[in-house]
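Number of protein chains: 2
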Amino acid sequence: MIFCPGSITAFFSTLISENPLLSGSYGVGFTIDKGVFVEVEKAEKTEIIVNGQSWDFPTVQYVVNELAKDDVKVKIKMELPVGCGFGMSGASALATALSLNNFFELKKSFIELADLAHESEVINKTGLGDVICQTFGGLVVRKNACCPSKAAVERLIVDVNLDFLVLGKISTEEVLKDELKRKRINEVGMRCLEEFIRSPEFDNLFSIANRFSMETGLIDDEMRDIIEAVESNGGKAAMIMLGKAIFAYNGFDVLKEFGNPFKAKITCCGVQLV
Amino acid sequence: MIFCPGSITAFFSTLISENPLLSGSYGVGFTIDKGVFVEVEKAEKTEIIVNGQSWDFPTVQYVVNELAKDDVKVKIKMELPVGCGFGMSGASALATALSLNNFFELKKSFIELADLAHESEVINKTGLGDVICQTFGGLVVRKNACCPSKAAVERLIVDVNLDFLVLGKISTEEVLKDELKRKRINEVGMRCLEEFIRSPEFDNLFSIANRFSMETGLIDDEMRDIIEAVESNGGKAAMIMLGKAIFAYNGFDVLKEFGNPFKAKITCCGVQLV
Numbered sequence: 205m206i207f208c209p210g211s212i213t214a215f216f217s218t219l220i221s222e223n224p225l226l227s228g229s230y231g232v233g234f235t236i237d238k239g240v241f242v243e244v245e246k247a248e249k250t251e252i253i254v255n256g257q258s259w260d261f262p263t264v265q266y267v268v269n270e271l272a273k274d275d276v277k278v279k280i281k282m283e284l285p286v287g288c289g290f291g292m293s294g295a296s297a298l299a300t301a302l303s304l305n306n307f308f309e310l311k312k313s314f315i316e317l318a319d320l321a322h323e324s325e326v327i328n329k330t331g332l333g334d335v336i337c338q339t340f341g342g343l344v345v346r347k348n349a350c351c352p353s354k355a356a357v358e359r360l361i362v363d364v365n366l367d368f369l370v371l372g373k374i375s376t377e378e379v380l381k382d383e384l385k386r387k388r389i390n391e392v393g394m395r396c397l398e399e400f401i402r403s404p405e406f407d408n409l410f411s412i413a414n415r416f417s418m419e420t421g422l423i424d425d426e427m428r429d430i431i432e433a434v435e436s437n438g439g440k441a442a443m444i445m446l447g448k449a450i451f452a453y454n455g456f457d458v459l460k461e462f463g464n465p466f467k468a469k470i471t472c473c474g475v476q477l478v
Numbered sequence: 205m206i207f208c209p210g211s212i213t214a215f216f217s218t219l220i221s222e223n224p225l226l227s228g229s230y231g232v233g234f235t236i237d238k239g240v241f242v243e244v245e246k247a248e249k250t251e252i253i254v255n256g257q258s259w260d261f262p263t264v265q266y267v268v269n270e271l272a273k274d275d276v277k278v279k280i281k282m283e284l285p286v287g288c289g290f291g292m293s294g295a296s297a298l299a300t301a302l303s304l305n306n307f308f309e310l311k312k313s314f315i316e317l318a319d320l321a322h323e324s325e326v327i328n329k330t331g332l333g334d335v336i337c338q339t340f341g342g343l344v345v346r347k348n349a350c351c352p353s354k355a356a357v358e359r360l361i362v363d364v365n366l367d368f369l370v371l372g373k374i375s376t377e378e379v380l381k382d383e384l385k386r387k388r389i390n391e392v393g394m395r396c397l398e399e400f401i402r403s404p405e406f407d408n409l410f411s412i413a414n415r416f417s418m419e420t421g422l423i424d425d426e427m428r429d430i431i432e433a434v435e436s437n438g439g440k441a442a443m444i445m446l447g448k449a450i451f452a453y454n455g456f457d458v459l460k461e462f463g464n465p466f467k468a469k470i471t472c473c474g475v476q477l478v
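Residue numbers (our numbering), protein chains in the order written: chain A, 205 to 478; chain B, 205 to 478.
Keep in mind that the hints were calculated from the coordinates and are not lab data.
You can trust all of the hints, since none of them are fake.
All copies of an identical chain are treated as equivalent in the list; a pair is satisfied when it fits inside any one copy or across any two copies.
Here are the simulated DSS-like pairs of lysine-lysine, each with C-alpha atoms no more than 25 angstroms apart in a straight line: (1) K281 to K448; (2) K273 to K347; (3) K311 to K387; (4) K448 to K238; (5) K347 to K311.
All values reported here derive from a predicted model rather than from experimental measurement.
Take these sequences, add in the hints, and give me the full structure.
Take a look at the structure:
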C-alpha cells in the first residue's frame, strides 16, 4: 500500500504558465504524519473509491487515464478532509500514480510519476505546490514554481507536534480565479518567502504566515480570533492555505473551545510504501 | 548549513554504462541520522576541508569544478568514517552541490544538483547508489540503476534504532574492478532485490543481506563471527556494503566485545537545511 502525507502550505505565490510542468507555487509548506492510503485492484469498470464511497475525482482520474492499462478500482483511505488545505488531492494523485506504476509494472521513474501528479493538480486546479512537498517530504521551501523534476527545494529539519482545527472549506480555484486577489497573493507571498529564506527557522513560520494571511485578506475574523486566543495562551497559530483551517503549536486546549481539533506531527517523509 | 545523512547499503547489484547518469546500482539501503555538514565560504584559493584538514577529495572537487563561479572553501564536518560503507563521498558531494547552489545563487533544481552528485560518484568510482538514497531519504528500494532524476524508488516507513561497528575499510573500486566478483554480485544482488520486493519488511533486510554477503563472498570470518554472536544473543546483524563494518538491531552489548560501536537511527529525511 502507498501512503502519501498531507501537506500544509503556510504562505505562497503562484505562477501559472501554459505548460503545467512550469506552473506551480513558490512558498513554504510541510508534510504531516496523516494523509492518504491508496491501493489498486483489478475491476470490471474503473472506479475511484474514497473512504468507501464512489467519487468523481478528476485529479485522480487524470492519473488513471494516463497510466492504467486496464480497468481498476482505486481505493483511497483519506485521514484528512478535502478542500481544507491538507493537500488531499495531490496526495491522492501521487499515491495513485505510484500504485498504478507498481500494479501495471510500468517501471516509470519516481520523479516522472511525481511530475504527472503535479500536472494533474495544475490542470484540475486543485493545488499548485502540494505534490512537490509530498514528493520530498519535510518542511519544504519551494524556491521556484514548477513540477518536482524541476523543483528548487530546500528541506528543513523539524520535529514538532502540531494541533489542527478545521472550520470549513475554501476553494483554491475560486480564490485564484480572482485576478486582483491573485496579484496581491503573489506580491505578498514573494516577500514572505524572501523573509523566510533569510532566517529559515520553524518559529518564524507562524509570524510570516500570519502576515501573509492578513495582508492578502485571506483570513476572516473568526480565524483571526482563534489565532489571537491561542497566542494569548502562550501558543502559536496561523491559517492554513487554502482552507478555513488553523495549524497551531501548543494550542490544543484553546482550539478545543472552537471545535474539534486533532494532532499531527511534521515528518520528513514524503510519499512512501507501508 | 546543509546536512546530508549517511547511507548504508544492505545488498546491491551494479550497472555501469558509458553514461554516468545511466549507471548506478539496484538494491536496498537506508539513511541514518548521522552524516556530513557542509558550509561554503569565499576563499583566495579553492580548498576542501574535512574535519579541519585540507583534503584531496575528487568526488567533491568534481562538483566544485562544475558549480563554483569563484574560489571557495568547502568546509565539511563528517560524523562517520570514509571508505566504510556510510556513503560519505556521496553525502559530501550532494551537500556541497546544494551549498554551492545557494552560495552562488545558481537557481538549479534540486534533482539537477542530485544528478550532478551522482555523476561525480560514478565517475570517481566512490559509490553507485548512495546519492539516490540521500536524495529521497528513508529505507529506499532502488528498482533501477541510474541517477536521481531517472530513479525508480520506493521508500519504506521504518523507525528503528541501529547499532554500528566499524572494523576497517573496503575499497568499492577494488571490489568492482574484479570482473568475476562483480558478475557474482550482480547475480546474487538481483535475486536478493526480487526477494525483498516480494516482502518488503524491515526484518527481512538482515536475512537477505546475510545471504548476499555470504553468497558473494564479500564477508570474512571476523564479520561472520560477530554477526553470529549478535544473533546468539537475540539480535540481528549484517555486513555493510561496502565496508568492513556491521549494522545491527539490538546488538550494542555484543558489538562492544569486538570494538567501539555507535548508535544511529534510520530516518526518512534526505539531504536538508539545518
